[in-house]
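There are 2 protein chains.
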Amino acid sequence: MKKILTIDAGGTKITCAVTDTTGKIIGEVEKYSTPKNINDLIELFKSIIKKYEDETECISIATAGAVNTENTKVESSTPNMPEGYNNLDFSGLSKKRVFVENDANCAAWAEYKLGAARGDENTITVTLGTGIGGGFIAGGRLLRGKSGRGGEVGSMKIKDKGRICTCRRKDCWESYASGTGLKMTAEEVASNDLCFKTSIFKDKNPADITTYDIIEGISVKDEYSLKVFNIWKQDLITGLINIANIFDPESIIISGGMGKFTDACEIQESVNKEIVVSPVKIKQAEAGNYSGMLGAALLACEKFRL
Amino acid sequence: MKKILTIDAGGTKITCAVTDTTGKIIGEVEKYSTPKNINDLIELFKSIIKKYEDETECISIATAGAVNTENTKVESSTPNMPEGYNNLDFSGLSKKRVFVENDANCAAWAEYKLGAARGDENTITVTLGTGIGGGFIAGGRLLRGKSGRGGEVGSMKIKDKGRICTCRRKDCWESYASGTGLKMTAEEVASNDLCFKTSIFKDKNPADITTYDIIEGISVKDEYSLKVFNIWKQDLITGLINIANIFDPESIIISGGMGKFTDACEIQESVNKEIVVSPVKIKQAEAGNYSGMLGAALLACEKFRL
Chain W
1337 MKKILTIDAG GTKITCAVTD TTGKIIGEVE KYSTPKNIND LIELFKSIIK KYEDETECIS
1397 IATAGAVNTE NTKVESSTPN MPEGYNNLDF SGLSKKRVFV ENDANCAAWA EYKLGAARGD
1457 ENTITVTLGT GIGGGFIAGG RLLRGKSGRG GEVGSMKIKD KGRICTCRRK DCWESYASGT
1517 GLKMTAEEVA SNDLCFKTSI FKDKNPADIT TYDIIEGISV KDEYSLKVFN IWKQDLITGL
1577 INIANIFDPE SIIISGGMGK FTDACEIQES VNKEIVVSPV KIKQAEAGNY SGMLGAALLA
1637 CEKFRL
Chain D
1337 MKKILTIDAG GTKITCAVTD TTGKIIGEVE KYSTPKNIND LIELFKSIIK KYEDETECIS
1397 IATAGAVNTE NTKVESSTPN MPEGYNNLDF SGLSKKRVFV ENDANCAAWA EYKLGAARGD
1457 ENTITVTLGT GIGGGFIAGG RLLRGKSGRG GEVGSMKIKD KGRICTCRRK DCWESYASGT
1517 GLKMTAEEVA SNDLCFKTSI FKDKNPADIT TYDIIEGISV KDEYSLKVFN IWKQDLITGL
1577 INIANIFDPE SIIISGGMGK FTDACEIQES VNKEIVVSPV KIKQAEAGNY SGMLGAALLA
1637 CEKFRL
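Sequence order for the protein chains is W and D. For the first sequence, my numbering assigns the number 1642 to the last residue and increments by one with no breaks. For the second sequence, my numbering assigns the number 1642 to the last residue and increments by one with no breaks.
None of these hints come from the bench; they were simulated from the model. A couple of the hints might just be wrong.
[Said to hold, decoys possible] With a Cα cut of at most 25 Å, we get these calculated DMTMM-like pairs of lysine to aspartate or glutamate:
1. Lys-1617(D) with Glu-1411(W)
2. Lys-1497(W) with Asp-1529(D)
3. Lys-1506(W) with Glu-1586(D)
4. Lys-1617(W) with Glu-1411(D)
5. Lys-1506(W) with Glu-1524(D)
6. Lys-1409(D) with Glu-1457(W)
7. Lys-1569(W) with Asp-1496(D)
8. Lys-1497(D) with Glu-1523(W)
9. Lys-1506(W) with Asp-1544(W)
Let's have the full structure, built from the sequences with the hints guiding it.
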């Protein structure tokens, strides 16, 4: 049986495993803290690869950042990775073939092949975390764009309130419907709405209210928290309507830390009330915590015809 | 040399011509008014087809409305076409093979193969008319979505002002950056802004100001008209930024009646200042008035491997 060494390279953790060509993990998953220094990171990659390369056909890597069209190198800035990361030519790390792809794209591919989007030739995986990431499958193919940066769906402008996003642009979807967006909405509502005065968080500085506070507040039916969350949910729905109208997908898969706080059925109903295309399924991600690694392995199998 | 009979079926005109497999028109282009009655329309199609089907390999049709995945039938409502149009099975109209595709998709394909987007594997043609239409090419393939409705880019929400679109939804890009959008902005500015008091249109009812008035006003540097047009242009740019970020295309091609009033270079500069992907080319359409017919013919050649 052909095997693939697959690595997920994120800002906090480096995770690796060996899989077969169907995306099944063989043996243990290994985890390391991401080194702060580029040379230490390269040494870590090399030691992982040395350990497994003889038994595997190729190396696949899911990484933060936009990957070039040759799938060998990160081309965008990657603020969470060590300086110099985007000068690293991954193909030089092994005597075997190396395949690199953006982690959001890999996660979307895993949902398409193994997860909630199985059988859907047109599907989008939206990752709701600190920011918003997107991976698009159109006609059974990963949408990469001219420079591997396709799917920057968090940068879609959905309002004209002038809210400044962490990317320094204004009114990005990410600045409303990500975890950071929820926090910004929480601060805004606390400053402008009387419901904050009777909230369980009334003694907190509005700027210190966290996403966890809001989730906790909802569980005890705190009126302020419910209001904040409803605004956030509506902003999430607005962006989902936009991408459903543009892509006409069979499904949109919700993933990421904030994703688990959403009710996919309720969101599906709201989205389908407003879209101009035929109804879309909205589902929670199912490919699991290793979807980045698995998607990378399966994409490498496609690329190298394994 | 293999020949294709190609037809553009619009709400006002039915146009037809014979082309070769490279999209070159052979002979004359024929034009007819679109019959108001579905039976008359079917008779017109049949008479055109009868005249040319013996000399051609297949029939291609660019049509208003969303086309099914088999490219044989219109599946959406088509308010500009006779009632019953979306029950018509085009494949029954000829003994030769028939290929049907949405006209915006055909126009985009023509720009990709023959026009301003030649060589760009990822490109979007945005048609600015009474509404906004879109045709997307990703990785050299037409993006159709699950039901042929992909590219409904006019329905993207870009604001939260509550402006009602002609589709009855709120704040669609189309309600700001189409010809209808320009007219709505003209009325809004006339009602709210002092510059209208000194405008050459000050004696007009704001609801009666047309897109042509605004274009005329710009030519004489009327302050009100310039203000309206600048708002319209900024709204156009906002939507273009969104689709550039999502698709990371080499180019966006501007087409349609309102498209010719835009300065592609100026818009390109503004869009590239704000996008998070690498720079995109913004260009005027070049495939000409028959881009729908030509794109349909070339897509039929792909489908039938001519």
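Results for each hint:
1. Lys-1617(D) with Glu-1411(W): 20 Å, holds
2. Lys-1497(W) with Asp-1529(D): Status holds; Cα separation ~20 Å.
3. Lys-1506(W) with Glu-1586(D): With Cα atoms ~24 Å apart, Lys-1506(W) and Glu-1586(D) stay inside 25 Å; holds.
4. Lys-1617(W) with Glu-1411(D): 20 Å, holds
5. Lys-1506(W) with Glu-1524(D): 23 Å, holds
6. Lys-1409(D) with Glu-1457(W): 21 Å, holds
7. Lys-1569(W) with Asp-1496(D): With a Cα-Cα distance of about 15 Å, the restraint between Lys-1569(W) and Asp-1496(D) holds, given a limit of 25 Å.
8. Lys-1497(D) with Glu-1523(W): It holds: about 22 Å lies between the C-alpha atoms, which stays within 25 Å.
9. Lys-1506(W) with Asp-1544(W): Satisfied, since the Cα-Cα distance of roughly 22 Å is no more than 25 Å.
The structure fails none of the hints (numbered hints given earlier).
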